[in-house]
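Enquirer: Residue-level listing of the chains:
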Amino acid sequence: MRKFVLIPICFLALAVPVVVLANGVSGGFDQVVSSIETRYHVHADRIPMLGLVSLVAQASTHDGVRGMHVAEIEDFHADVDGEELNKLVAEKLGSGWERVIRETSRNGGDQTLIFMRPEGSRMGMFVLDLGGHEMDVVQMSVDPEHLREKIGEYGHRD
Amino acid sequence: MKNLVGVWVLAMAAIAVPAVAQNGLPLPSPVEKELAARASNVTEVTLGKNMLGFAAKFMDGKDKDDEAAKHLIEGLDGIYVRSYEFDKEGQYSAVDVEKLRSYFEAGGEWSSIVRERDKKSGESTDVMMKMVNGQPHGLFVLDAEPKELSIVLILGPVKMEDLSKLSGIGGLGVLGDLEGNGNKNKDKDKAKGPKAKGGGDE
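Residue numbers (the numbering used here), protein chains in the order written: chain A, 1 to 158; chain B, 1 to 202.
Hints may be right or wrong, so weigh each one.
Stated by the list, open to error - Dumping the calculated DSSO-like pairs for lysine-lysine here, alpha-carbon to alpha-carbon at most 30 Å:
no., chain 1, residue 1, chain 2, residue 2
1, B, 99, B, 33
2, B, 49, A, 87
3, B, 33, B, 147
4, B, 159, A, 87
5, A, 92, B, 33
6, A, 150, B, 57
7, B, 57, B, 159
8, B, 64, B, 147
9, B, 49, A, 150
10, B, 99, B, 88
11, B, 49, B, 70
12, B, 119, B, 33
13, A, 87, B, 64
14, B, 64, A, 150
15, A, 92, B, 49
16, B, 64, B, 49
17, B, 70, B, 159
18, B, 147, A, 150
19, B, 57, A, 92
20, B, 147, A, 87
What the hints assert, rightly or not - Residues from chain A that keep clear of chain B, each with C-beta distances beyond 10 Å, as calculated:
no., residue
21, 40
22, 49
23, 56
24, 78
25, 88
26, 105
27, 145
Since the hints were made in silico from the structure, they are not lab data.
Since we're looking at a predicted model, the values are computed, not measured.
Using N, Cα and C, we set each Cβ at its ideal position, and we do this for glycine too.
Please model the entire structure based on the sequences and the hints provided.
Expert: So this is what it looks like as structure tokens:
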């Protein structure tokens, strides 16, 4: 019986700090999402137990990906000015982030923003994608070395 | 009177030189704002010096192509790509292309090295180079197709022989064409060599 009690306790002991840490370091991410919620009057769904998901992703990719943050906004029907959205994200993400890619459609219905920042030997990536009345916001830390190796596996060989 | 002339000359020079953003890349010309409003899709890729330096660290030094690309991007100040896609033909004119071209030429540092016009298809390609102390220090490519307009701006010391190695980077596919540009058999108008500033313009 003791063993059965210990398993959930150990699980909680492991999961809680992971969730707390994952939420704690995401100041920029959370600020961006809450600013979008306020500005466009929408509600973002946070994925439950994302800290644990992030941990699993970290293990399964051999530390290739870590620190995942995901928010999904469904029923996004507000009119979007690409310039304004870009400014809002850049402001709330904070310093160190550089916008690398921006794709925008004329009616504002499709928007893609990719920001990056060096994090030691890793690369922080922030991706915002709006299309088909759904907005997805993702932030993660990737190991470029690992990523290059993985991409190489699927690359063209002469 | 001399002072007034001096002030006027300085003011004109300030207007003529493209404005520079905080990341060292020139700010988009006013024409680009108009184009963006008309385009159905706009894609921008901006790689500053920091990001290029960081990317270079992770390029495979063992691969010959990667090694050349790594060497090239390590010294660059930035890469900037803009692509405007239009729903139908005729949503931009040759005048818009000329305005874009002259925006860069106005600073006096950029020399036209390739100017190609295909009268049948309406396609055109402009390549300009920035020379500093006789060395290439920037490259500007303007590629116009009936429904797409692409701008590539590379700032920093540029090695022409290594440029095609960058064509694998998103949006820089047009650089791969530069190598084989001389073999195209089209109705064209070209001026080669950095000294040919404005040459070939009719």
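Enquirer: Any hints this thing doesn't respect? Which numbers, in order?
Expert: 4, 8, 13, 18, 26, 27
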